[in-house]
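J.: Turn these sequences into a full structure, and let the hints steer you where they fit.
With our numbering applied, the sequence shown corresponds to residues 1 to 407, in that order.
Keep in mind that the hints are not guaranteed to be accurate.
What the hints assert, rightly or not - Heads up, simulated DSS-like pairs for lysine-lysine below, C-alpha to C-alpha not over 27 Å straight-line:
#1 K98 with K85
#2 K198 with K263
#3 K3 with K287
#4 K357 with K310
#5 K289 with K310
#6 K357 with K314
#7 K3 with K240
#8 K314 with K263
#9 K399 with K357
#10 K219 with K197
#11 K287 with K310
#12 K3 with K85
#13 K367 with K219
#14 K98 with K152
#15 K254 with K310
#16 K310 with K367
#17 K219 with K36
#18 K85 with K152
#19 K197 with K263
#20 K367 with K287
#21 K98 with K3
#22 K399 with K254
Simulated from the structure, these hints should not be mistaken for lab results.
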Amino acid sequence: MYKRIVISGWGIVSPFGLSNQDFESNFDNKLAYSKKEDWELEHLGPHYFGAIPEFDILKQIDSLRPPFPNRYSSIGLLACMNALKDAGLAEDIELTQKAGLVITTTLGASTAIQSYLSKLYKKGPDRVSPFNFSKATSNSILGDISRILGLKGPGSLVYGEESVIYGVDLINNDHTDIVLCGGVDEITELNVLLADKKARLVSPNGTPTYEHLINDTQKDQSIFSEAASFVVIESLESAKKRGAKIYAEIVDYKQFRDQRSSKVIFERCTDSLRHNLNELLNENQIKDKDPLLFYGSACLPWHIQSYEWKALSKLSFEFTYGNVKASIGEGLSGSNNCTLVSTLLAHTKGRLANVLKEAVVLGEPPKNICLVPFNPKEEFTSITHTFSVGGSNTLLMLKSMRNDQRS
Numbered sequence: 001m002y003k004r005i006v007i008s009g010w011g012i013v014s015p016f017g018l019s020n021q022d023f024e025s026n027f028d029n030k031l032a033y034s035k036k037e038d039w040e041l042e043h044l045g046p047h048y049f050g051a052i053p054e055f056d057i058l059k060q061i062d063s064l065r066p067p068f069p070n071r072y073s074s075i076g077l078l079a080c081m082n083a084l085k086d087a088g089l090a091e092d093i094e095l096t097q098k099a100g101l102v103i104t105t106t107l108g109a110s111t112a113i114q115s116y117l118s119k120l121y122k123k124g125p126d127r128v129s130p131f132n133f134s135k136a137t138s139n140s141i142l143g144d145i146s147r148i149l150g151l152k153g154p155g156s157l158v159y160g161e162e163s164v165i166y167g168v169d170l171i172n173n174d175h176t177d178i179v180l181c182g183g184v185d186e187i188t189e190l191n192v193l194l195a196d197k198k199a200r201l202v203s204p205n206g207t208p209t210y211e212h213l214i215n216d217t218q219k220d221q222s223i224f225s226e227a228a229s230f231v232v233i234e235s236l237e238s239a240k241k242r243g244a245k246i247y248a249e250i251v252d253y254k255q256f257r258d259q260r261s262s263k264v265i266f267e268r269c270t271d272s273l274r275h276n277l278n279e280l281l282n283e284n285q286i287k288d289k290d291p292l293l294f295y296g297s298a299c300l301p302w303h304i305q306s307y308e309w310k311a312l313s314k315l316s317f318e319f320t321y322g323n324v325k326a327s328i329g330e331g332l333s334g335s336n337n338c339t340l341v342s343t344l345l346a347h348t349k350g351r352l353a354n355v356l357k358e359a360v361v362l363g364e365p366p367k368n369i370c371l372v373p374f375n376p377k378e379e380f381t382s383i384t385h386t387f388s389v390g391g392s393n394t395l396l397m398l399k400s401m402r403n404d405q406r407s
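T.: Structure (structure tokens):
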């Protein structure tokens, strides 16, 4: 790390609601998903699913003019607006014009193309707007958000990778001092149908959700849920200059490709995670007994226990473990960034999402793992672990900051 870089704001749109407050009120004690049966597509039976509440972006932003953003862009736009407000930048035109934007996605381009082809097939070419064609071919979420929010700094759209790493590089290389980094995916019914045909979904079996998860022995399955989440990262110098609140400092990161390099999100190699996590901790001189939080991104109990817990159990360090995807469900790129936001709430408020633990769904963790949150006044290091379709993994290291460390 060439510069000291901090996180100064966050924003989320999730099945819990459209605001940061909705997320913060629920993420550590409720499940965001429930049984859904009212699908428009035929032959799609009941499944667990977490849907973002319906909203009209035109009512959220009075000044919008055509071409209006599609739903995919609107979800990301609303999350970015929440992040700018939280960082105290929503009304600072001078700084937002210089800010960069990095968005990661997994299904974005395919979602736009699906929408265009569906309208073309159902209504005919004379009923399809030329704007829809451009959105389908260019995947214009990056342009939509930059244009509407007036972000004129450097921008990138990346697929299946951690956006914060790109933002860190932009700041370190003097391209900008402030970057919005996050993830967006719109989970369409076609996505759900395809996953269902491949037997990749957990389907309700008539028992209560927690009871189902306790007794379910199926592997290689997931629960889909929509989400979009962004953080504002900036140089410490910039944050100090404008008197920004600071959630945590970004200390280091490690990106690696899983040894299995699977296209499927939940097939991952325990040894790859263990080896790279051990290297990251040793390179940063973390001691065995140092307070250490690991925030995971495995979604269901079987994957938490067989992948992340198994990797941590083979290390000499002692970990506190948190996991918000167990509460939200798998939203691919969107829910990955929810993992980072949840880690910030652990740093500042001592809130830790382990909703499956409270329901006694998770088994007893290994001896070097506990599920009790830190005191927010205690200094500690955290590691967020995010992974996506295609085999990419990212470990991001954060540290709490005292006021006397901000000089």
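J.: Are any of the numbered hints broken by this structure? If so, which, sorted upward?
T.: When the structure is compared with the hints, none of them turns out to be violated.
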